[in-house]
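Just so we're aligned, residue 3 is where the first sequence starts under the numbering used here, counting upward by one.
Just so you know, the hints here were simulated from the structure itself, not pulled from any lab data.
Here a beta-carbon is modelled for each residue, glycine too, at the ideal position from N, C-alpha and C.
Treat the hints loosely; a few may be bogus.
Listed next, with one range per pair, are the computed distances between beta-carbon atoms [as the list claims (entries may be wrong)]: (1) E324 <-> A61: 38 to 48 angstroms; (2) Y186 <-> A252: 28 to 38 angstroms; (3) A249 <-> D44: 23 to 33 angstroms; (4) D15 <-> R332: 20 to 30 angstroms; (5) Y70 <-> G357: 37 to 47 angstroms.
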Amino acid sequence: MARKFTTPRGTVDILPEEQPYWRQVLRVAEQTALAFGYRRIDTPVFEQADLFVHGTGEATDIVQREMYIFQDRSGEMLALRPEGTPNVCRAYLQHGMASRPQPVKLYYVAPAFRYERPQAGRLRQHTQFGCEAIGSSDPALDAEAIELLWRMYEALGLDDLYVLLNSIGDQSCRPAYVARLRVYYELHLAEVCDDCRRRYDQNPLRLLDCKNGQCQPVIAGAPAITDALCEPCAAHFASVQAYLDAAGVAWQLTPRLVRGLDYYTRTVFEIVPGDAGSQGTIGSGGRYDGLMEVLGGPPTPGIGFATGIERIILNLRKRVVEVGPDPLLRVVVAAVGEGPRVAAVALVSRLRRAGVQAVVGDGTRSLKAQLRQAEGLAPQYVVIVGDEELRRGRLQVRERATWNEERLTEGELLARLSD
RNA sequence: GUGGGCGUAGCCGAGCGGUUAAGGCGCCAGGUUGUGGCCCUGGAGAUCGAGGGUUCGAAUCCCUCCGUCCACCCCA
Numbered sequence: 003m004a005r006k007f008t009t010p011r012g013t014v015d016i017l018p019e020e021q022p023y024w025r026q027v028l029r030v031a032e033q034t035a036l037a038f039g040y041r042r043i044d045t046p047v048f049e050q051a052d053l054f055v056h057g058t059g060e061a062t063d064i065v066q067r068e069m070y071i072f073q074d075r076s077g078e079m080l081a082l083r084p085e086g087t088p089n090v091c092r093a094y095l096q097h098g099m100a101s102r103p104q105p106v107k108l109y110y111v112a113p114a115f116r117y118e119r120p121q122a123g124r125l126r127q128h129t130q131f132g133c134e135a136i137g138s139s140d141p142a143l144d145a146e147a148i149e150l151l152w153r154m155y156e157a158l159g160l161d162d163l164y165v166l167l168n169s170i171g172d173q174s175c176r177p178a179y180v181a182r183l184r185v186y187y188e189l190h191l192a193e194v195c196d197d198c199r200r201r202y203d204q205n206p207l208r209l210l211d212c213k214n215g216q217c218q219p220v221i222a223g224a225p226a227i228t229d230a231l232c233e234p235c236a237a238h239f240a241s242v243q244a245y246l247d248a249a250g251v252a253w254q255l256t257p258r259l260v261r262g263l264d265y266y267t268r269t270v271f272e273i274v275p276g277d278a279g280s281q282g283t284i285g286s287g288g289r290y291d292g293l294m295e296v297l298g299g300p301p302t303p304g305i306g307f308a309t310g311i312e313r314i315i316l317n318l319r320k321r322v323v324e325v326g327p328d329p330l331l332r333v334v335v336a337a338v339g340e341g342p343r344v345a346a347v348a349l350v351s352r353l354r355r356a357g358v359q360a361v362v363g364d365g366t367r368s369l370k371a372q373l374r375q376a377e378g379l380a381p382q383y384v385v386i387v388g389d390e391e392l393r394r395g396r397l398q399v400r401e402r403a404t405w406n407e408e409r410l411t412e413g414e415l416l417a418r419l420s421d
């Protein structure tokens, strides 16, 4: 049908029926983050575009072709947040958080925007829950971030998940490795796919992540970055692994795992479902020890992750995980005729002030219709107010599920409701 | 950004060149004057995603666009 207005491509409405999932996921996410000592931070939906150009990285797809970027009326270049980490780091610097006890551990729930071609599990606006621990390079924080994410999924009832873990080194060892990788690939360019030839030029690390069948033998023969780590990076990585084991989180060493963002150093990880489709990653993150300097701050290490709420819910639905229903409506008051309507409005007003969720039936409809309406609203009690009830000072109160009917005074009704 | 599938009322879904465009769910109303879940009856709701074209005639064929889904790409 010809609708005049619809949601923009790649965006969705979250209808009342879906809200229980959101409430549940956000509740668990926040609880878990708080339990791990993280505190909430909120940052603007839009920021100076350069924050992401420099922070997320000029070479990334996100910056090159996916940002929602615009000029405001003063001519300033702004961008809708494509991911959360640069905002949090900017806030850390802006508010002098280096003078707080380190590390500063922050979490956020925020929409992210990327101009991409939508498909299941990939939207132009999606919601990320993320955590960042800034100001320490302790590998225990890396392990803790991974564990936090893992425990959160666990609490939500998601199983069949896998932690993929890798280290991609730092400035002192990665460049040499990338050079070696290039030398290796130079000899095999004829055997790999077109995308890989492009990656060879633009983003060599990503060569390892190619899913094209013809490239797999070449990947298998490539030097592994985990063999090329410098001593400090190797030691750090070993500690991360040991701490994960200590925390009881199972992980899989995945040398081919690299990440799309420029700022990652050392630890990178993803959590994927066992039956993952192409948009399978539900959460991922890593260490970004060089990011703060890029943003103009002093050298400050950091580790963090983000997970997509929509993808979590997708997986919860796939597994038919139960979530609590909406808080139930407790009373619907049906009334026909002006006198009873006035009394009914006054009654629900008092009920609500007493903390009871209550509504009146639609006064433009018959009593029968109001009762049908009440059925749809599924309250605990249905109350009927008519002239007779007003005369007697007693309400007709029905427990909807049992049809059990009583004549009660308002006080008795309230007592019943407070059981 | 590339390739492919799909697009009929709020939802599911028949029809696939000539029909008043089925049916189900849901919604609304009625089945005597104030009584809900089942049942019965009735009603509202569709410019057949949009715009062009072919044809005497198009939901049905063609083109373009839009949306959605799948794969790639990328990533949460």
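These are the hints, each one checked on the structure:
1. E324 <-> A61: 38 to 48 angstroms: This hint holds: roughly 44 angstroms between Cβ atoms.
2. Y186 <-> A252: 28 to 38 angstroms: holds (31 angstroms)
3. A249 <-> D44: 23 to 33 angstroms: holds (29 angstroms)
4. D15 <-> R332: 20 to 30 angstroms: Because 27 angstroms falls inside the window, the suggested range holds.
5. Y70 <-> G357: 37 to 47 angstroms: holds (43 angstroms)
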